[in-house]
Amino acid sequence: MKARSILLDGGFVAAITDDTNPLHDPVIAMYATLIDQYQQGGVRLFAPSTVLMSYDRFVRRGALAPIETTWVARQHRNAAAAIDAPSSDIALALVLMRRERFSAIATTLAFYDEFDIEVIRPLPDTEIDVSSRTEPMPARQSTGE
Amino acid sequence: MERTETLVDPPAGNGIGHRRPLSDAVSIDPWFVVRTSLFATYAVAYLWWFINKGLIIDRISVGISVAVFILIGHLGRPVRRWAWLVFDCACYCVMWLCYEQSRGWADRAGFDLQVEAPRNIDRFLFLGTDPNIWMQRHFYDANTIHWYDNIASATYFTHFIFPVIAIAVVWVTSHREWGRFIKRFASLLFVSCIMFVLLPTAPPWMAADRKNYNFQIIEPLARHTGRGFRDLGMKGFVNQWQSALDWGNAVAAMPSLHSAFALFVPAFFLPRIPWKWLKGVVLCFPVVMLTSLVYFGEHWVIDGLVGWALVGLSFLFWGWFEKRQLRIRAERARNALRLSTAAIS
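The listed protein sequences derive, respectively, from chains U and F.
Terminal number for the first sequence in our numbering: 145, no gaps in between.
Terminal number for the second sequence in our numbering: 490, no gaps in between.
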């Protein structure tokens with residue numbers, strides 16, 4: 001079985017680590033499912049080096065331990081600069097999605113929905129009681145296929 | 146309420162069928178085109194060489210051809226990827242250097258040569274029959290090269306090609322997969338080298354040789370390994386192999402790396418093969434290899450079985466280790482998240 005590679009964008013990673021983020025709970029619930037799949041070898045989780053660099057070692061080896069680094073090079077930045085996107089981070093994520101062949105993107109933004117890619121995103125109005133969670137449900141994923 | 150995650154439907158008025166392809170927004174990597182073109186050129190050049198000059202076997206030519214392949218695969222890659230390549234190359238060279246050195250260590254260590262023990266084990270496994278002798282008696286014809294001689298000989302010589310191709314392809318396509326491959330491969334080589342030193346074993350052709358050796362513990366055997374391949378037109382390849390034998394460790398029969406590599410490469414790629422019937426076909430290859438080795442008098446059956454066992458152990462160990470790593474990282478994240486969740490509530 002080949003593990004699916006999922007790119008976690010900056011907003012998603014920020015929502016994991018920041019408990020004051022309004023999307024923290026739904027993102028944590030989604031992340032818990034991804035971790036389960038990761039432990040079973042079904043997925044590999046990545047985040048851009050530009051995102052992970054902003055977290056200290058404690059966080060990287062703790063909450064973000066399953067997330068591998070996808071290194072952002074100058075050629076990625078150059079390609080991102082040529083893309084019409086709301087922000088440079090989004091443009092960079094699009095470049096990484098195509099050039100590094102990720103299967104899906106985990107994000108908090110609706111922007112990626114317009115592309116023919118698999119988007120994993122929590123609904124903002126989801127009510128989740130993470131503390132009472134026993135067994136996560138399998139993620140429903142929208143696919144562009 | 147126990148809901149976890151959700152997914153988003155496409156934005157209103159923009160159904161799934163109307164999503165933009167990512168290629169609309171992100172241009173193709175120009176280096177991808179360069180790499181693809183050069184790979185195609187490389188394949189044509191390799192084919193031309195194969196038809197006109199034969200298969201590449203000598204180590205320098207193999208090294209150059211693999212290096213060119215890998216360099217093409219890295220053209221236009223980020224500097225970090227090139228740095229990994231240099232490090233990987235260093236590890237790869239050290240691995241083979243240790244393997245080569247083990248031949249010298251085996252000579253100096255001076256452990257007793259095993260001659261009768263593998264023969265006795267084979268006889269035990271086959272109820273008193275020597276499988277090498279039985280196979281040659283039933284299938285070997287000194288005057289005729291049969292179709293199965295061609296197949297057995299070609300299978301034998303794939304040992305010098307398939308692992309190299311597999312390593313090169315994995316190296317170019319995925320650094321992580323290369324790491325997984327080489328960990329298992331290096332472990333196999335390491336344990337094999339230790340066994341070559343501690344357990345020098347005479348192969349059947351040596352145990353049967355009455356001219357150069359004085360063991361004579363089985364009936365005479367024909368060592369006709371290159372005959373079938375030479376019959377297919379691979380004369381240069383076979384001649385170079387025979388001269389390379391002069392430098393090899395003749396008593397490194399246990400374990401059989403031929404058998405081990407023949408199982409290793411298919412076993413590594415097996416999870417990527419979607420069809421069960423093809424998996425079955427692929428797994429026939431190591432069986433054909435071991436049968437060929439026994440037929441040629443190159444190895445005892447037990448050599449091949451031990452080679453397979455080492456492959457199994459290598460895969461089991463690294464599989465367990467990698468799963469453990471996944472579990473540890475997942476647990477770290479869960480523990481950290483529970484703290485985080487507790488803080489909220």
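Please keep in mind that the hints were generated in silico from the structure rather than gathered at the bench.
Honestly, I wouldn't trust all of these hints.
The calculated label-pair distances, taken between Cβ atoms and stated as ranges, are [what the hints assert, rightly or not]:
hint : chain 1 : residue 1 : chain 2 : residue 2 : range
1    : U       : Glu68     : F       : Phe177    : 18 to 28 Å
2    : F       : Pro419    : U       : Met53     : 34 to 44 Å
3    : U       : Thr20     : F       : Ala185    : 48 to 58 Å
4    : F       : Phe256    : U       : Asp56     : 50 to 60 Å
5    : F       : Phe177    : U       : Ala110    : 47 to 57 Å
6    : U       : Ser49     : F       : Gly464    : 56 to 66 Å
7    : U       : Arg74     : F       : Gln470    : 29 to 39 Å
A virtual CB, placed ideally from N, CA and C, is assigned to each residue, including glycine.
Comparing the hints with the structure gives:
| no. | hint | in the structure |
| --- | --- | --- |
| 1 | Glu68(U) x Phe177(F): 18 to 28 Å | 22 Å, holds |
| 2 | Pro419(F) x Met53(U): 34 to 44 Å | 38 Å, holds |
| 3 | Thr20(U) x Ala185(F): 48 to 58 Å | 54 Å, holds |
| 4 | Phe256(F) x Asp56(U): 50 to 60 Å | 53 Å, holds |
| 5 | Phe177(F) x Ala110(U): 47 to 57 Å | 30 Å, violated |
| 6 | Ser49(U) x Gly464(F): 56 to 66 Å | 29 Å, violated |
| 7 | Arg74(U) x Gln470(F): 29 to 39 Å | 31 Å, holds |
Of the numbered hints given earlier, the model fails hints 5 and 6; all others are met.
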